[in-house]
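There are 2 protein chains.
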Amino acid sequence: MKNIILASTSTVHGGTYLDYILPTLQEHFKHANNILFIPFARPGGITHDDYTNIVATAFKKINKTVTGLHTYPNPTEAITQAEAIFTGGGNTFVLTNQLYVNNLITPLQNAVKNGTPYLGTSAGSNICGLTIKTTNDMPIVYPPSFNALALMPFNINPHYLDPDTNSKHMGETRETRIKEFHFYNTPPVVGLREGSWLEVKGNQITLMGNLHARIFEYNKTPYEVAPKTNLSQLK
Amino acid sequence: MKNIILASTSTVHGGTYLDYILPTLQEHFKHANNILFIPFARPGGITHDDYTNIVATAFKKINKTVTGLHTYPNPTEAITQAEAIFTGGGNTFVLTNQLYVNNLITPLQNAVKNGTPYLGTSAGSNICGLTIKTTNDMPIVYPPSFNALALMPFNINPHYLDPDTNSKHMGETRETRIKEFHFYNTPPVVGLREGSWLEVKGNQITLMGNLHARIFEYNKTPYEVAPKTNLSQLK
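If you read the protein sequences in the order shown, they are chains A and B.
Using my numbering, you'd call the opening residue of the first sequence number 2 and step up by one each time.
Using my numbering, you'd call the opening residue of the second sequence number 2 and step up by one each time.
A portion of the hints provided could be inaccurate.
The list treats identical chains as interchangeable, and a pair is accepted whether it falls inside one copy or across any two copies.
Pairs of lysine-lysine, DSBU-like flavour, derived with a Cα cap of 35 Å [as the list claims (entries may be wrong)]: (1) 114 with 31; (2) 3 with 202; (3) 62 with 180; (4) 61 with 180; (5) 221 with 31; (6) 3 with 114; (7) 236 with 61; (8) 221 with 62; (9) 180 with 31; (10) 221 with 236; (11) 31 with 202; (12) 31 with 62.
By construction, these hints were calculated from the structure, which means they are not laboratory data.
This one's a predicted model, so the numbers in the text were calculated from it and none came from an experiment.
Construct all of the structure, not just a fragment, from the sequences and the given hints.
Here it is, written out as structure tokens:
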């Protein structure tokens, strides 16, 4: 049974890494002592070791140890045997590329489908959708495919941003970008605001956190859904 | 001899389509009566006809006619025979994909290298860099490659945005994104602010407009350059 938390962000404004969601993670990871961390999105180009250390510091507060996937000679085996998995944020193209070149897409899909508790933040959430075509990231590397883990029947847009009505910037708003996605693709997109997350228990998908999410369906006017909304029918 | 204008945007805040740059375009296109328009980036999903009509309305003010590349049975021939070429903005992934699937990359490179006056705005400027890896656009389609026309020895980041120090948004700033590009790529990136453009005459590349541009070189601190700066040595 799938047991997944997909968060918009690791860090809310004014907070420290993962602090806003640690009580939830204590419950989510209650049967795990050690969490396998996938550092491949490499935010800001820090080393995998440095990134893993940041994560380990946060999880120490709820008495979990953390090991980086990059330290295992056989990463497929590490994923298959993990008690719990966390994929951190950074650049979605870099992360996706690393998962493909290391042949980790299928092992990761299988582990999560078989019930290994999973946490994603930002890029780590993005890759659980059908494709990475609704990422906000810059395409700094060319992955073999935009197809993602497809653990959810829709796409996610993390760090969802409402239009800034005071802006003089002429680039596209986030809403415009997602509407353009729907000129070429039909799956729904969940715009997750900072501090929101999706909780997946088997086939039940629920919006969590204090904020509404914005839902974009093909050929429909975008709409807001409140916290605790069941999104299981969205596909 | 190359004769190119690469603009950050088609429309500055409070203005109409291309109006801020029309006097420059009158000189740039002085030997052309008709401009071949490449509408493939399709902003907002409008039809190629509708997009071409917007462009035709703007160019009528300087007595140019405009024809859309999509109306030609043989687009390669249309590019080769064009008096002048304009590629409009929209989504860079969509544009790049269309150029590849229609086998137009090489014809377009050759036409511009042979001296056909070229104008790009936004996505139409992006594709003149080495790759599209510094686009701001959402990757709504998967192109066969991120390699672009390579008419310039660097990459362009149009609609360059300075960090918003008041923002509570935790997504990456533009500067952070471009720094991440340099963890995986070495070419320089020119951050072109709204209302700025690059003028290319042969091998001479000059920053134009009223604003500074921000230059990102591999392993260097980013720096500002003033209007009229010669960027020919940047590679």
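Cross-check of the supplied hints:
For a Cα distance limit of 35 Å, the shortest separation of residue 114 from residue 31 inside one copy, 18 Å, qualifies, whereas the shortest one across copies, 63 Å, does not. Taking identical chains as interchangeable, the C-alpha atoms of residue 3 and residue 202 lie at most 35 Å apart only when both belong to the same chain, with a minimum of 6 Å there against 59 Å between chains. Within a single copy, residue 62 and residue 180 get their C-alpha atoms only as close as 41 Å, which misses the 35 Å cut-off; across copies the closest is 32 Å, which meets it. Taking identical chains as interchangeable, the C-alpha atoms of residue 61 and residue 180 lie at most 35 Å apart only when they sit on different chains, with a minimum of 31 Å there against 41 Å within one chain.
In this assembly of identical chains, residue 221 and residue 31 lie within 35 Å of each other by CA distance neither inside one copy nor across copies; the values are 40 Å within and 46 Å between. In the homo-oligomer, the alpha carbons of residue 3 and residue 114 lie at most 35 Å apart inside one protomer (5 Å), although the nearest pairing across protomers, at 55 Å, exceeds that limit. In this assembly of identical chains, residue 236 and residue 61 lie within 35 Å of each other by CA distance neither inside one copy nor across copies; the values are 37 Å within and 46 Å between. In the homo-oligomer, the alpha carbons of residue 221 and residue 62 never lie at most 35 Å apart, since the shortest distance is 43 Å inside one protomer and 38 Å across protomers.
Taking the shortest alpha-carbon separations for residue 180 and residue 31, neither the intra-copy value of 39 Å nor the inter-copy value of 38 Å comes in at or below 35 Å. Within a single copy, residue 221 and residue 236 get their C-alpha atoms as close as 13 Å, which meets the 35 Å cut-off; across copies the closest is 46 Å, which misses it. When the C-alpha separation of residue 31 and residue 202 is checked against a cutoff of 35 Å, the pair qualifies only within one copy, where the shortest distance is 15 Å, while the shortest distance between copies is 65 Å. Only within a single protomer do residue 31 and residue 62 lie at most 35 Å apart by alpha-carbon distance; the minimum there is 13 Å, versus 68 Å between protomers.
The structure shown violates the earlier hints numbered 5, 7, 8 and 9.
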